[in-house]
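Following the hints, position chain V against chain Z.
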Amino acid sequence: MLSIKNLTASINGTPVLKGIDLEIKAGEIHAIMGPNGSGKSTLGKVLVGHPAYEVTGGVVLFEGQDLFGLEADARARAGLFMGFQHPIEVPGVSNAAFLRLAYNKKAEAEGRDELDPLEFDDFIKEKIRLVAMREEFLDRSLNEGFSGGEKKRNEILQMAVLEPKLAILDELDSGLDIDALRVLGEAVNRLMRPDRALLIITHFPRILETLRPQFVHVLSGGRILKRGGPELAVELEERGYDWVLEEASAGRGV
Amino acid sequence: MNATFQGVTSQDYKYGFVTDIEADSVAPGLSEEVIRFISAKKGEPEWLLEFRLKAYRHWLTLAVPTWAKVHYPTPDFQKIVYYSAPRPKRPQYASMDEVDPELKRTFEKLGVPLHEQEALAGVAVDVVFDSVSVTTTYREKLKAVGIIFCSFSEAVKEHPDLVRKYLGSVVPYSDNFYAALNSAVFTDGSFVFIPKGVACPMDLSTYFRINNKESGQFERTLIVAEEGASVSYLEGCTAPQFDTNQLHAAVVELVALDRASIKYSTVQNWYAGDKDGRGGIYNFVTKRGLCKGKASRISWTQVETGSAITWKYPSCVLLGDESIGEFYSVALTNHKQQADTGTKMVHIGRNTRSTIISKGISAGESSNSYRGLVKVQPKAEGARNFSQCDSMLIGHTCSASTFPTLEVENRSARVEHEATTSKIGEAQLFYFQQRGIPAEEAISMIINGFCRDVFRELPMEFAVEATKLLSLKLEGSVG
Chain Z
1 MLSIKNLTAS INGTPVLKGI DLEIKAGEIH AIMGPNGSGK STLGKVLVGH PAYEVTGGVV
61 LFEGQDLFGL EADARARAGL FMGFQHPIEV PGVSNAAFLR LAYNKKAEAE GRDELDPLEF
121 DDFIKEKIRL VAMREEFLDR SLNEGFSGGE KKRNEILQMA VLEPKLAILD ELDSGLDIDA
181 LRVLGEAVNR LMRPDRALLI ITHFPRILET LRPQFVHVLS GGRILKRGGP ELAVELEERG
241 YDWVLEEASA GRGV
Chain V
1001 MNATFQGVTS QDYKYGFVTD IEADSVAPGL SEEVIRFISA KKGEPEWLLE FRLKAYRHWL
1061 TLAVPTWAKV HYPTPDFQKI VYYSAPRPKR PQYASMDEVD PELKRTFEKL GVPLHEQEAL
1121 AGVAVDVVFD SVSVTTTYRE KLKAVGIIFC SFSEAVKEHP DLVRKYLGSV VPYSDNFYAA
1181 LNSAVFTDGS FVFIPKGVAC PMDLSTYFRI NNKESGQFER TLIVAEEGAS VSYLEGCTAP
1241 QFDTNQLHAA VVELVALDRA SIKYSTVQNW YAGDKDGRGG IYNFVTKRGL CKGKASRISW
1301 TQVETGSAIT WKYPSCVLLG DESIGEFYSV ALTNHKQQAD TGTKMVHIGR NTRSTIISKG
1361 ISAGESSNSY RGLVKVQPKA EGARNFSQCD SMLIGHTCSA STFPTLEVEN RSARVEHEAT
1421 TSKIGEAQLF YFQQRGIPAE EAISMIINGF CRDVFRELPM EFAVEATKLL SLKLEGSVG
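These protein sequences, in sequence, are chains Z and V.
Quick note: the first sequence, position 107, residue 107 per this note's numbering, numbers continuous.
Every number in this note's numbering is 1000 more than the matching position in the second sequence, counting from 1.
Extracted from the complex, chain Z is given alone in its bound form (with noise of 0.2 Å):
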């Protein structure tokens, strides 16, 4: 589904991915793990054409399609997802508003039929269901004035209605609490289809425990240092990275 090889960036010059190869296919959940400042959002962003970085080498398909050959909209309607770490906040326009357009908008690409505001309005109601999400947030301004957690409900609930082959979830847990963390984590796992994809950024394991990734990579100075599976996670979890830097300094690394 995503191939990446030896991807290169950086941002106002400073190189900030310095050779990433993945491979991502259909059905399999990855995390991408590493200390703060790694380079691990920088890759998810990338990914969906942040305009703030430059491609500055490699390659990367999506489903066979150079990914940089399309436009940040374009790549989100052939299915690419970002749920983002710090959402921003739209004062004015309504959430629903802002969901049916981005639905609109993807059926459009996909031939399927658009939905009025009424046919949306039952749609709609399934889907923050799934996300546990109070009916009100659908009439307020997008993200205006919510808090940490109900901003990463909303990415879930925008998940939910897009529907993405690949998903990149940016620290999804923080500025959750450990019920919110379990009903979106679940929320996720049940937007899971063997033909759909996760990546999963992540600074802290305790999320692994609910979306169970089979590969993990570490990043660190914009490279990857160690892939392994679950295992991997849990080793994290008890020793921190430092081992991983250490080790590959040492010239063992990946």
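Keep in mind that the hints were calculated from the coordinates and are not lab data.
Be aware that one or more of the hints could be misleading.
Restricting the straight-line Cα-Cα distance to at most 20 Å, the calculated cross-link-like pairs of lysine to aspartate or glutamate (EDC-like) are [claimed, not checked]:
| hint | chain 1 | residue 1 | chain 2 | residue 2 |
| --- | --- | --- | --- | --- |
| 1 | V | K1042 | V | D1161 |
| 2 | V | K1423 | Z | E89 |
| 3 | Z | K5 | Z | D21 |
| 4 | Z | K127 | Z | E163 |
| 5 | V | K1423 | Z | E144 |
| 6 | Z | K165 | Z | E23 |
Relative to the frame of chain Z, chain V by itself:
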């Protein structure tokens, strides 16, 4: 007074022409003679000529105002032609095929019906299209309830007492430089009179006004609502308006008596000049409403998108106890446009209330300023004001400024002011794009959300058009 300007205005009119009452126009320039000519040409009563002359003499003592945050070369007032018989303002085209494709594209995007497109673009229309009969029906319906809605010149002829009573009662000829100029030389405009207890059965629109073909560069509007009367007046058009006159100096006066309510909505889309700032209208307007009666209400809603320079402060004088003044504004500037706009709320009566909601959007290399005054006079016991001024910047080369002034001379007054500045930054736009929404639609949605508090004050149809207009004006500004 500006020395150069004084030089121009104080010199004798060197062409020394002899006024020919049969002529269709006068030579450029302004003098008492020209004013007498205009007045005679229009068959005006003596008192109106006197009003004009007093205004003119006062104007000679005034200097061009320079306090606004706008920059432009001082117009040469002796080069303006102050009277000419009605003539087509735009080139006439034989068919829509000859019209500038850019203009046609704009019409299509705005969804202007074809026959209106033809009229607006200046296509010679042979068929007497529906609006003529619409206008007649409209007039009869209004007449039945005693409403007067006609051109200013017509009002001077048919309702001289009403005009004389209210003309200059809100904006005196001595008010400011451009108001004085307008008072001296205005050629036409609108007159509305809603008698006691009558709620106007429909929105009055300049589009349907008789003799609307020449709105002219010195337009004069007077709206009077008697006790308990109410009216909603719509000015302007979302379709782009071209005009060969660069300087426009209109005066609008509103008078609301006891419990009367006047709602005045404007969508202004005069030609703004090209992307490099060449051409474009200078729009210097004086708009003021007098809440003269107890519990009267005047509400200004404006969507300003056009003109090279906008200098405009629709204001309310809250004289009657418990009267209410409101100002809802969206001002959008792009490219090299400059706007200095806002309002004045003058609280004189007891328990008067005012609300100011101003939304400024700047893009390109434009400059957009909010300038407001809230004044609470000593006797305005219990006065309240709420002001909110929000600015939105698009890109890195535009500017937004806010100049709020509060003068409170009564201790019981409550005045609140809130202001924000935000950017449609890459981050906001990117968020929409990441959800599959293309940049243009994202901007439209964000701007619409930003302006929501103002748009909901507009009549439904106007609000829909205004939304489209803003998106159109911002096309290509981001990303």
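Hint check:
1. V:K1042 <-> V:D1161: Within the cut-off at roughly 17 Å; holds.
2. V:K1423 <-> Z:E89: The given pair, whose Cα atoms are some 12 Å apart, holds under the 20 Å limit.
3. Z:K5 <-> Z:D21: 5 Å, holds
4. Z:K127 <-> Z:E163: 11 Å, holds
5. V:K1423 <-> Z:E144: Holds. K1423 of chain V to E144 of chain Z sits at ~15 Å (cutoff 20 Å).
6. Z:K165 <-> Z:E23: Cα-Cα ~15 Å, so holds.
In this structure, every one of the numbered hints holds.
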